[in-house]
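Chemist: We have chain Y; now place chains C and P onto it with these hints.
Line by line, the protein sequences are chains Y, C and P.
Going by the numbering used here, the first sequence opens with residue 45, and the numbers climb by one from there.
Going by the numbering used here, the second sequence opens with residue 2, and the numbers climb by one from there.
Going by the numbering used here, the third sequence opens with residue 11, and the numbers climb by one from there.
Hint data in this document are derived by calculation from the structure and do not stem from the laboratory.
In this text, all values refer to a predicted model and were calculated from it rather than measured experimentally.
Where is the CB? At the ideal position from N, CA and C, for every residue including glycine.
Careful, some of the hints might be misleading.
To be verified - Now the stretches of chain P that chain Y is said to cover, found in silico as 3 or more residues with beta-carbon under 8 Å:
(1) 265 to 274
(2) 286 to 295
What the hints assert, rightly or not - Just so you have them, the derived chain C footprint on chain P, three or more residues with Cβ under 8 Å:
(3) 33 to 44
(4) 103 to 114
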Amino acid sequence: MNLSGSFVKEVLLSKSKGDIDSLEERIKPHLVVAPLQKKILKAKNDKFELKKGNHNGPILKHLLKQNSYKVTNKISKIALNSYIKGSKINVKKAKGIISKKNKLNNTVLSKQKMYACIEKDHAEVFKSLPPSYEKMYENLYLKMWVPYIHQVLKIDISKSYKETLNKLNLQVCLLKLAISDYNGCKIKITKTENKSLMGKEGIVIWDSQKSFIIVCKNEEDTFNEIKIIPKKKSIFEIRVPVSIDIKEEVIFHIIGDRFQHRSSDRVGKKFKNKNTKDISYYIFNDDLYKSSNSS
Amino acid sequence: MVRLKNRYILFEILYPPSAESTSENIVLQHRQQRKNERLNITSKMIVYELKKMIKLYLGDQGLAKANIMLQMKYFNSSTSMGILKCSFEFYKIVVLGLSMIQQLSSGGENGNTLKSIFINVLKLSGTIKKLEEFGIERNKQLIKRINFDQRKNNNLNHQSTPFSSSSKVDFLKHTNELNDVKDDDEFDMM
Amino acid sequence: MQCDLNVPFPQDVTDESIKQLKLTLSTLIELNYTHVAINKNLTPEMYHQPSKKQKQQMTQQQQQKNEQYNLKNDLDAFFKYFEQLENKFSSKNLKLFSRVTVEIDDPNQLGSIFINLNAPSNPNRFDLVAILPLSEKGLSFLTNNNGASSNSASIDILTFDYANYFNGFHLKHKTMNGITRRGIKVEILYSGIFNMSNQSNLKFVNNAKQVVRCCRKGIKTCIISSGAKKNTNVRGKIAVESILSFLGLKADIYSRMLKENPLSCLLNGRLRVRSYQQTIVSGIDVMQKNDFIDEESLETVNGFVVAKREIDDNNDDEHVSKKQKV
Numbered sequence: 045m046n047l048s049g050s051f052v053k054e055v056l057l058s059k060s061k062g063d064i065d066s067l068e069e070r071i072k073p074h075l076v077v078a079p080l081q082k083k084i085l086k087a088k089n090d091k092f093e094l095k096k097g098n099h100n101g102p103i104l105k106h107l108l109k110q111n112s113y114k115v116t117n118k119i120s121k122i123a124l125n126s127y128i129k130g131s132k133i134n135v136k137k138a139k140g141i142i143s144k145k146n147k148l149n150n151t152v153l154s155k156q157k158m159y160a161c162i163e164k165d166h167a168e169v170f171k172s173l174p175p176s177y178e179k180m181y182e183n184l185y186l187k188m189w190v191p192y193i194h195q196v197l198k199i200d201i202s203k204s205y206k207e208t209l210n211k212l213n214l215q216v217c218l219l220k221l222a223i224s225d226y227n228g229c230k231i232k233i234t235k236t237e238n239k240s241l242m243g244k245e246g247i248v249i250w251d252s253q254k255s256f257i258i259v260c261k262n263e264e265d266t267f268n269e270i271k272i273i274p275k276k277k278s279i280f281e282i283r284v285p286v287s288i289d290i291k292e293e294v295i296f297h298i299i300g301d302r303f304q305h306r307s308s309d310r311v312g313k314k315f316k317n318k319n320t321k322d323i324s325y326y327i328f329n330d331d332l333y334k335s336s337n338s339s
Numbered sequence: 002m003v004r005l006k007n008r009y010i011l012f013e014i015l016y017p018p019s020a021e022s023t024s025e026n027i028v029l030q031h032r033q034q035r036k037n038e039r040l041n042i043t044s045k046m047i048v049y050e051l052k053k054m055i056k057l058y059l060g061d062q063g064l065a066k067a068n069i070m071l072q073m074k075y076f077n078s079s080t081s082m083g084i085l086k087c088s089f090e091f092y093k094i095v096v097l098g099l100s101m102i103q104q105l106s107s108g109g110e111n112g113n114t115l116k117s118i119f120i121n122v123l124k125l126s127g128t129i130k131k132l133e134e135f136g137i138e139r140n141k142q143l144i145k146r147i148n149f150d151q152r153k154n155n156n157l158n159h160q161s162t163p164f165s166s167s168s169k170v171d172f173l174k175h176t177n178e179l180n181d182v183k184d185d186d187e188f189d190m191m
Numbered sequence: 011m012q013c014d015l016n017v018p019f020p021q022d023v024t025d026e027s028i029k030q031l032k033l034t035l036s037t038l039i040e041l042n043y044t045h046v047a048i049n050k051n052l053t054p055e056m057y058h059q060p061s062k063k064q065k066q067q068m069t070q071q072q073q074q075k076n077e078q079y080n081l082k083n084d085l086d087a088f089f090k091y092f093e094q095l096e097n098k099f100s101s102k103n104l105k106l107f108s109r110v111t112v113e114i115d116d117p118n119q120l121g122s123i124f125i126n127l128n129a130p131s132n133p134n135r136f137d138l139v140a141i142l143p144l145s146e147k148g149l150s151f152l153t154n155n156n157g158a159s160s161n162s163a164s165i166d167i168l169t170f171d172y173a174n175y176f177n178g179f180h181l182k183h184k185t186m187n188g189i190t191r192r193g194i195k196v197e198i199l200y201s202g203i204f205n206m207s208n209q210s211n212l213k214f215v216n217n218a219k220q221v222v223r224c225c226r227k228g229i230k231t232c233i234i235s236s237g238a239k240k241n242t243n244v245r246g247k248i249a250v251e252s253i254l255s256f257l258g259l260k261a262d263i264y265s266r267m268l269k270e271n272p273l274s275c276l277l278n279g280r281l282r283v284r285s286y287q288q289t290i291v292s293g294i295d296v297m298q299k300n301d302f303i304d305e306e307s308l309e310t311v312n313g314f315v316v317a318k319r320e321i322d323d324n325n326d327d328e329h330v331s332k333k334q335k336v
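Excised from the complex, chain Y in its bound form:
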């Protein structure tokens, strides 16, 4: 089909020098202008159409559409990052406020009173402090993670611990533990190359690829903090309670160098033995529980 029509005549040939008509006669048998293949438009859903009745124009369209996986990941990372930074700044501020008060009154406030004091006067600072360790311990650890692990390892709390442990197989339990999820678990660091990290305890908020993000259990006088602990070159200890009232616990420990995968990737992963050169600190460094290895 020759759709050239008036387009060629009016726009192209009118700007050339010679006779328009004679040029057109010469070009017509050779020049073919035809359209490209038709684009097949998708059937328009009613969801994504603008409903002209209620809303104003194009603002809603991008809100109705779902973001891709990459964009949501980016947004959530930024949000987590700003939350952690905000909490650190506010803990500093709170410490400053309380130290001033202690100087004025010559007293040392206990932890409950510190929190109560800040709640009254400085509400903004109080909002973005990190959550309390005790509340997390009750809700995340006791109510969420411990029953989950009992399901995974098939532990029955009602019986005595000797009966349940005698029925289980050690290698199968280790396999299941390597695949399971550690968000909400209570973790303690026993051996590292970085000596400032020794002895920290806390509950895991998020288990990223190369580090654990925990709410740290601090001493009596200070606030609870959020810490990011790298998995490299450190060993973490886990305890799984086997009886009611947490009287007896089974001890395991994780080697951080071999655990550097995202929690979602770890499910189908086949682990392999590697050269133990990078775990040499395991033998030579000191433990939390002992003073030094005897030579």
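Modeler: What follows is chains C and P alone, placed relative to chain Y:
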């Protein structure tokens, strides 16, 4: 300034036991000659055996190198410890020869041989003084170990000082049943 | 922390031979050694069951021996004695580990021995596994795909027979590189130098120099240990270093061959037994036999390590009432 350097080697002779005994300490067992074979060891015997071993493993050339400044400075037959002097360039040859010694024999036709022996090299140093200090410290620790184990075996309740003079004499008696202590200098140094 | 990873367990178990073992262990304590592994040797006669044709060719004596010998009973007896020795030497500063060497002449004769030794259902597993090739075919087993590079046969150490000339195989750089890249370490036994009979001290120097040349002077991959069957063939630290310099190695490697390389080898072996592929381990420390914490009491039930806490009721109430209002 370039000067002539020497190396001094501190060593001890150990007699590994051939019979098991639970009553005695490990430390005492290894430093005590066996009852069947007894030999009064002199420094000449050790140097003779050393040269023989070096000739076997490293030939005439090795023996000639090791023979520079080779001299036995001190040897105590009651505690079987000694100090040997050699040159700085070729001290490795002498140490190798010392660790290859397996028996000692007194020369001549009627000589006895003391078999199944080995020499344990303790320390190398450039001066004799540091070796003496090291030797004294080490003997103190050995006596502590003996006392500790004896206390365990006998279930003694009273506390005894780890380095009392009576225990020193007992230690020496055990090693070669010396009834008379000869020189005071020797006694104090080792 | 000195290590000696090869103290051979006697083949014929009598009272005298076990007495010799105990005496060697006590001299090792005197010379300041801390980690020692007792080695059980498995010859091809022990694990290979011959076919009918081969049975007809064997003499009557050999047939009788083959019928009387039972591999399982042998290994169980080994572990019994091992426990006795552990109990005796636990109070002194000596840690004992168990090890097995498998002599390979023809890799087709192997069968499923590695799977049996390493199976997770086996109650008694060896901490270290080693290989001794007797011919060129045995060496090729290590570089095969069906052989040592598969996951089912995980090997830690490679030794050689230093008392006889190598039976027709020539060590090449290519094979040794492929072996050491996977983390297998090569071992040198120094007790052959004291044996004057049969010219075995000359053969030892010959063989050891070949091995050292091939492993690029043994920086990362060599171990030294004594194969001492008698009391008198063991030496202290400085004497071992003089033997190494005699073989042509330089001074910065000595401490690695005595301390770091064998310890990492032990770690590899213990993690294989007690963990799931080196990620999660049970207990507190893999290298200790009995875990120990000062403040708490520990107990082992069926392989799990259980800690008992003594909680007072008063402390519990205070802990509960400290809820924060956030």
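Chemist: With reference to the structure, classify each hint as holding or not holding.
Modeler: Hint by hint, here is what the structure shows:
Taking a C-beta to C-beta cut-off of 8 Å, the region 265 to 274 of chain P contributes 3 residues in contact with chain Y, enough for the three needed, and the coverage statement holds. With a cut-off of 8 Å between beta carbons, the region 286 to 295 of chain P has 10 residues touching chain Y; three or more are needed, and the interface restraint holds. Remark: the region 33 to 44 of chain P is confirmed as covered by chain C, as 6 of its residues place a Cβ nearer than 8 Å to a Cβ of that chain, reaching the required three. Given a C-beta distance limit of less than 8 Å, the hint that chain C covers the region 103 to 114 of chain P is violated, as 0 residues qualify and 3 are needed.
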